[in-house]
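Chemist: Here are the chains, one letter per residue:
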Amino acid sequence: MDIIEQIVSGDVRTIARILRDIDDEIPSARDILRRLYRYTGKAYVVGFTGSPGVGKSALVDQIAINYRKAGKTIGILAVDPTSPFTGGAILGDRIRMQRHFLDPGVFIRSLATRGHFGGLSKSTSDMVNVLDAAGKDVILVETVGVGQDEVEIANSAHTTVLVTIPGMGDDVQAIKAGIMEIGNIFVVNKADREGSRQTVRELMNLIELGARRRNGGNWEPQIVETEATKGRGIEDLYGAIEKHRAYLLSTQSEWREVAEKRAGIQLISVLRDQAFKTILKRIEECGDSMDEMVRKIVDKESDPYTIVQQIIAKALK
Amino acid sequence: MENVRKLRILVAKPGLDGHDRGARIVARAFRDAGFEVIYTGCHQTPEQIVSTAVQEDVDLIGLSILSGAHTYSFPRIMELLRENGAEDISVIGGGIFPLEDVSKLKEIGIKEIFEPGAKLKDIIEWVSSNISPRGAVVLRK
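Sequence order for the protein chains is A and B. Just so we're aligned: the first sequence equals residues 1305 to 1621 in our numbering. Just so we're aligned: the second sequence equals residues -13 to 127 in our numbering.
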């Protein structure tokens, strides 16, 4: 069996190695991704976002149980932050998903942001594609959890679940910008805590405000209260996710719109990445020195804009 | 631009031993040394550890154990790695080991054992010098 066949048939070791090659930006991985692409498009992707400590991992763990009961196979991508100072990372989301470790129907991969912003890693979309091609029915993506900036997940997922906890008070107001628009489902986790009902009310208000801004689409964001560690409210959350999926599938145009959005974002991302690498390679081939360019900038012999114009002109020759 | 891989290490505690402070400290030290650490904590069975190691494609498994259960869990883990075609994943141990067991463990393929008093600096240096990311020619953090 060649690599593509191995991945498509779900071979764990091969999948794990390709995911690593993607993460480490090994050139051969690009070719594999290209050949795998035609096998993608069947998986349903659900993104979980929200501040650190709100319980995303616990929710992913619980939702996975439900999908397994329904006979679906699952891929889980859990993203944690890379230390900007050391380049290292502690990837600890797996701890909350231990019950799935020995289930061959669940593939869990922990990844670090490696300097990327937006809540995901640069590799996340590519890894989603691999797990999709490998036949996973559902892919759950858990973002890093720095809160407000994490709109990126909405571009890779079909359904985006935004998780909060009671007592975040000002934070609920603060998340108005951007986040409210991307959430299809809102979860108030640790709902046994004080302030839970108030948080739900605040979310309802924000959703109503957002309704006027929402450009078309008849999906009304759902709010679910949960206690992930106790398994409370999980059935409701699962139900809401499935309801959103049914909604997207019910109209060809909605589904198509989501597919186009995801494809568009990925196209730009790959283009940006490849174009940059190609140009850098060209600079190297021409024997030009980046250090020299920097020197010119600092000595005011040139400026970044002129230099970049020259680089691009040379690269396109 | 070279393609360098990041070292991925699984830190786990097999068996019933719940004292995880040492494991957490070492995990943090690995992070501070620039490695990516998958930390799965306590109460891991050998089967769970190997399954995690394979899915996460780690280069090294660091087992923390203070309870003496290494005589079962370590050989079992080595056996499972072989069964899964993952013998290329290195394994080290940290914690409390009777002196006479250390050589036995190395005989079954445990690359190194770190006992109480081992300096973090020495552990990091050992890893940096002895473990390379899979398929890499040059090791870099």
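I should point out that these hints are in silico values taken from the structure, not numbers from a laboratory. Every residue gets a Cβ at the ideal spot worked out from N, C-alpha and C, and that includes glycine. Any given hint might turn out to be false.
[What the hints assert, rightly or not] What the simulated footprint calls covered on chain A by chain B, stretch by stretch (three residues with Cβ under 8 Å from a Cβ of chain B suffice, anywhere in the stretch; the number is not a length):
id, segment
1, 1407 to 1413
2, 1439 to 1445
3, 1502 to 1511
[What the hints assert, rightly or not] If you want the ones that stay clear, here's a sample from chain B, every Cβ over 12 Å from chain A, calculated:
id, residue
4, L2
5, G54
6, R62
7, I94
[Stated by the list, open to error] Distance ranges between label pairs, derived from CB positions:
id, chain 1, residue 1, chain 2, residue 2, range
8, B, I94, A, V1316, 22 to 30 Å
9, B, K97, A, Q1502, 35 to 43 Å
10, A, R1339, B, K97, 33 to 41 Å
11, B, G121, A, K1565, 44 to 52 Å
Chemist: Look at each hint and say if it fits the structure.
Modeler: Results of checking the hints against the structure:
1. With 3 residues having a Cβ less than 8 Å from any Cβ of chain B, the segment 1407 to 1413 of chain A passes the three-residue criterion, so the hint holds.
2. Requiring three or more residues with a Cβ within less than 8 Å of a Cβ of chain B, the coverage given for the segment 1439 to 1445 of chain A is violated, as only 0 such residues are present.
3. Residues of the segment 1502 to 1511 of chain A lying with their CB closer than 8 Å to a CB of chain B number 0, which falls below the three-residue condition for coverage.
4. Interface exclusion of L2 of chain B from chain A stands, the closest Cβ pair being 15 Å apart, more than 12 Å.
5. In this structure G54 of chain B is separated from chain A by more than 12 Å, as the shortest Cβ-Cβ distance comes to about 23 Å.
6. Residue placement check: R62 of chain B keeps its beta carbon more than 12 Å from all beta carbons of chain A (closest about 14 Å).
7. I94 of chain B, annotated as away from the interface, keeps every beta carbon of chain A farther than 12 Å; the closest lies near 22 Å.
8. Here the CB-CB span from I94 of chain B to V1316 of chain A is close to 24 Å, well matched to the stated 22 to 30 Å.
9. For K97 of chain B paired with Q1502 of chain A, a C-beta distance near 55 Å fails the hint of 35 to 43 Å.
10. The beta-carbon spacing between R1339 of chain A and K97 of chain B, approximately 36 Å, falls within the hinted interval of 33 to 41 Å.
11. The hinted range of 44 to 52 Å is not satisfied by G121 of chain B and K1565 of chain A, whose Cβ atoms lie roughly 35 Å apart.
Checked against the numbered hints given earlier, the structure breaks hints 2, 3, 9 and 11 and satisfies all the rest.
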